[in-house]
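**Student:** Residue strings, one per chain:
4 protein chains.
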Amino acid sequence: MENKKIPVGVLGATGSVGQKFIQLLEGHPYFEVTELAASERSAGKLYKDAVNWILSTPIPENVANKTVKECKPNLDVKVVFSGLDSSVAGEVETEFAKKGYTVISNSKNHRTDSDVPLLVPEINADHLELIKSQKYNGGAIVTNPNCSTIGLVLALKPLIDNFGIEAVNVVTMQALSGAGYPGVSSLDIIDNVIPFIGGEESKLESEPQKIFGKYSGGIIEHLGIKISAQCNRVQVIDGHTECVQVKFKNKPTIEQIKKAWAEFKGEPQKYNLPFAPIQPLHYFEEDRYPQPRIHRNIDKGMATSIGRLRECPLFDYKFVILSHNTNRGAAGGALLCGELMKAKGLI
Amino acid sequence: MENKKIPVGVLGATGSVGQKFIQLLEGHPYFEVTELAASERSAGKLYKDAVNWILSTPIPENVANKTVKECKPNLDVKVVFSGLDSSVAGEVETEFAKKGYTVISNSKNHRTDSDVPLLVPEINADHLELIKSQKYNGGAIVTNPNCSTIGLVLALKPLIDNFGIEAVNVVTMQALSGAGYPGVSSLDIIDNVIPFIGGEESKLESEPQKIFGKYSGGIIEHLGIKISAQCNRVQVIDGHTECVQVKFKNKPTIEQIKKAWAEFKGEPQKYNLPFAPIQPLHYFEEDRYPQPRIHRNIDKGMATSIGRLRECPLFDYKFVILSHNTNRGAAGGALLCGELMKAKGLI
Amino acid sequence: MENKKIPVGVLGATGSVGQKFIQLLEGHPYFEVTELAASERSAGKLYKDAVNWILSTPIPENVANKTVKECKPNLDVKVVFSGLDSSVAGEVETEFAKKGYTVISNSKNHRTDSDVPLLVPEINADHLELIKSQKYNGGAIVTNPNCSTIGLVLALKPLIDNFGIEAVNVVTMQALSGAGYPGVSSLDIIDNVIPFIGGEESKLESEPQKIFGKYSGGIIEHLGIKISAQCNRVQVIDGHTECVQVKFKNKPTIEQIKKAWAEFKGEPQKYNLPFAPIQPLHYFEEDRYPQPRIHRNIDKGMATSIGRLRECPLFDYKFVILSHNTNRGAAGGALLCGELMKAKGLI
Amino acid sequence: MENKKIPVGVLGATGSVGQKFIQLLEGHPYFEVTELAASERSAGKLYKDAVNWILSTPIPENVANKTVKECKPNLDVKVVFSGLDSSVAGEVETEFAKKGYTVISNSKNHRTDSDVPLLVPEINADHLELIKSQKYNGGAIVTNPNCSTIGLVLALKPLIDNFGIEAVNVVTMQALSGAGYPGVSSLDIIDNVIPFIGGEESKLESEPQKIFGKYSGGIIEHLGIKISAQCNRVQVIDGHTECVQVKFKNKPTIEQIKKAWAEFKGEPQKYNLPFAPIQPLHYFEEDRYPQPRIHRNIDKGMATSIGRLRECPLFDYKFVILSHNTNRGAAGGALLCGELMKAKGLI
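Residue numbers (numbering that gives the first Met the number 0), protein chains in the order written: chain D, 0 to 346; chain C, 0 to 346; chain F, 0 to 346; chain B, 0 to 346.
Read the hints as simulated data drawn from the structure, not as lab findings. The reader is advised that the hints may include incorrect statements.
Copies of the same chain look alike in the list, so a pair counts if it works inside one copy or between any two.
Unchecked claim - As a list, the in silico DSS-like pairs of lysine-lysine whose alpha-carbon atoms are at most 30 Å apart:
{"no.": "1", "residue 1": "K257", "residue 2": "K44"}
{"no.": "2", "residue 1": "K257", "residue 2": "K65"}
{"no.": "3", "residue 1": "K47", "residue 2": "K258"}
{"no.": "4", "residue 1": "K3", "residue 2": "K65"}
{"no.": "5", "residue 1": "K65", "residue 2": "K134"}
Could you put together the complete structure from these sequences and hints?
**Tutor:** Structure, rendered in structure tokens:
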């Protein structure tokens, strides 16, 4: 059993998140992609013919010639990673779970379900207990947060634990890959900024409340910090940059904050999971850092980069964070959830 | 006299701001560029040979063949517009003023002088009274604010007047032309964000205090609102976008704010100055607006565009502003200062 | 009649070319947009509600509140400008012509019809004679060429007339707006070049043959020069840049070529048409010119910029051209066709 | 000796090519960077303090704290890789060679020296014989070609060998990193193309003649094919795209060409050198390939990607190539030269 990989399926395999799942799962020590499912239009075709592959590494050979199936719960696996579009993810994922599949999803649909973990393995591994409450006949649904949430909550976690936080203000400059493919038209973003991303601000204001929530008796008690988010799309391919301001319960010194970040580790680091960043948070002393093109790929694109920590006239401190939105913020994050579940014997 | 144009000089004529002055002054109804001054390296050359012209309209013919002079106060004009680099602007402008020239400057050096107006014609035209206190033998120095300040203060002015403001939080996404030419290397900004602009945040936190200050007895009493600024460089050629949050003294409704913006006018509009925007503030109802490429050129690039006014969980409201940084934010803004001074008989 | 504007319709009014027609026709001295037609999905809506307006000037007020109709030949005008997608343009335009409308089209569908002029007003105004052969009961179809063709043929015309041309080699670097909206995904073009544009190379190799053809007895005898084209998409919003090499019948000197370009004028200049460039061809001596961002808007975006004329080791000469692809290369070019037809009494 | 790495120095260590040398040499199996030399301004500083590091991987630790020396021939190594600016490279490299150093240079200065190999290891490894003729007291100079040349000659090599070539036409779309750092201003290239790169076209027309030349009796007899080059700068960070047209001596079929490309290997592949691409030439069947962002990093950025092979109305065939300009085209190419020399016992 130790030596045998767990066969997994990818739902929404031809989409941009699905492609990323397939890219990251190539040669994975725990999992092996054996089933691909996508829309009716793609079903029945070889994957290489169905997909408009947009990543900069080639389609893994063992996947290229697999036949794509429909997103019906008759795949020959027990675990599926879902990169389904939110227009269909809700129902399809429910169907799979009801048929006994473990669904690890990057889609937003089930994130707010009270019995579904919104999982960031370094932060709230204990929320996996929620699965027990799920009414899916042995199936389960686990979700990972929105791409703009993940970098923020990782940077905030050691601050909440060590000093307590009252309020967070965040303004994002988000990458284009976060909008999927084809996503944003080149004519809309070249020499431009789009100061709006539909639904993004409310996700960023609410998801951390659940992620930082306390699990107790089958329930997540949401954290009650105040968060205000403003989300912008900028001309960057990968990597969300966020300007963050924090009001603490007990205001620490700058050095205390840097120390808390430097020492932060979670379950993925303890289990030494394949996609766990060795060091989840990297602080840069240079004023001009972090930058998406320079830092997004640090530690497999799974680490969060931080810089410019300084006093704020309105809050206590302000700083800048940078997180890879399709690695850590989507497929890579979901994959880490899967790895954690495997390590904990849940799949 | 009515029919004769005022001859003016441009200091730093070959730089990016100097070029913009020359572009905007072409065919100007009040002013005519008759003197060009730049560094020693350029002095003695024809302007067209000295300049690396980077604007998208050709060099005005009457300027192209003028000989560039050194930046010495022996130009045959009484008024100079200064686009000098801040490494030399302080001293050179002082020298000119002492010799009796009126210097209207876009450089930062004299902005904080207690007897120098930091002028935004729609906001603090009365600050021109300060000139009387200047010890320059009939010469004078007037400055306009930093490119990231100007859009913000225009949007805030009617809010301060009507409702009072306690605190402002602003995160900018600034255009590349704000860094001059050659400025930012293409390798530093393509597929990237630079979350730092040297000195910018402190300007943005302090300049509004003076601009909104009360003139009284030869002194400007700075306004005491709290401002926190975070400044980023993004891949946009022209047009600074800013995410703004405001805490009011008396919280208005959304409709009251929109009304205040719509009705806002100042002296430039009363005098009908050539570079005055007909309507200084434009509010857009579309969620995705304002955008730099779409709105930066509205009303000669002199208007401020605003959008996305909405409630904020931490402040009272948040919204987005957009202002052209080299038109309104640099040469165009300084030119409007000159026009106001002409209208008021100060030059 | 002289003083009254000709009412016109725009087919495909909500598309990117349709929008450009509407933008350019605002305040036009000959024409007034009174009818808007688009797909069923848009029909019945106000234009401002039906359109996703992507241009940087606002929707003309007199158009914004017009109701969009279906593309059926029951519009209350005699002349329509067509920006229809090529998937439907062929049939719809034929229908309109058969019902007596004059259709001036930017679509490719009828360009190769033997009785339809492929009109570049400066080059082959005499091809309008073809209309007489059309079997449309008083209706007519006139087309303008592909956006990559137009700049090339304008630069070649005086060379063909004065020196004769045997062969032309052209490699294009084309702007994104040529692909329509949403067109090219930002993820496909940022930090990238796409060395392929479907169908473009064959258009560029064949259209000049018809444009330069000799009208005689109701027939266009195609010119028989050899052309090889390679087309690339680059990250430019507007303006196609083309590297051109020419083998002449009688090799001129560099000065003779520049003179031929400088002196070139055609019927639009003689009639002084509103959208005629005052000087169709601009030669720049600077090595680094022409450039799309600097030169695309010269003379209403209707002129062609040329530079870098130099000897070629394989052909006789090589040079670079630059032409605005949505002004001269699409709606503006079609509009100029309409103006010529009006000047000639054909509409 | 087998197990000990050769200590090497990097000349121009703080420049963009120097940085790339240091990045690529990290953990290299043959070489170890032990000496860093740069301009007077940097000499005496720690490397991490002297350099404005612009690459997206961190400075190798063993290099970061080395002290930078002046570019004087008193470094404690026998082999230096030179990324010196061409303004100083000529003299400095000569000095080093005269003192007995082997200089492997990416600079242009010595490329045209009749006794200096212009080395592309897959193509003209035999040109290393030239070193014997050099009058440098045991020192030597070896150069690698210009970044726009290297991809072209690799693609042409098997065609010349198998079918003979008469003429080559090439139009390039070159990446910004080819201009060094800070290189091209962002204001010059965003939403733009620059159809000129100083000196580039003549290099691209002449260097292949020497590279493909026949070594015989201490002399390289240049190949006499006709080449015409047109060079453009586009908004791409890394990766030169080139549209190539070829006239053959014996026109092959498309399949014959593809076969020649697929089978092409040279000495680096035989010696299995660390930086040798496993397969030097990759042909893609998709119309839209190759593309810089997708293909530039194939095989360590050392392979050339090719696509769109098709008949040409003017030449025999046309196709598109793509080559990484700072890996294969600069530091990586020079490093491969060094590896070949080590394999041949020349260093």
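**Student:** If a hint holds in the structure, say so; if it doesn't, say that too.
**Tutor:** To see whether the hints hold, each was checked on the structure:
For the identical chains of this complex, K257 and K44 are inter-copy neighbours only, at 28 Å across copies versus 51 Å inside a copy, given an alpha-carbon limit of 30 Å. For a Cα distance limit of 30 Å, the shortest separation of K257 from K65 across copies, 27 Å, qualifies, whereas the shortest one inside one copy, 48 Å, does not. For the identical chains of this complex, K47 and K258 are inter-copy neighbours only, at 23 Å across copies versus 47 Å inside a copy, given an alpha-carbon limit of 30 Å. For the homomeric pair K3 and K65, the shortest alpha-carbon distance inside one copy (20 Å) is at most 30 Å, but the shortest distance between copies (47 Å) is not.
In the homo-oligomer, the alpha carbons of K65 and K134 never lie at most 30 Å apart, since the shortest distance is 33 Å inside one protomer and 54 Å across protomers.
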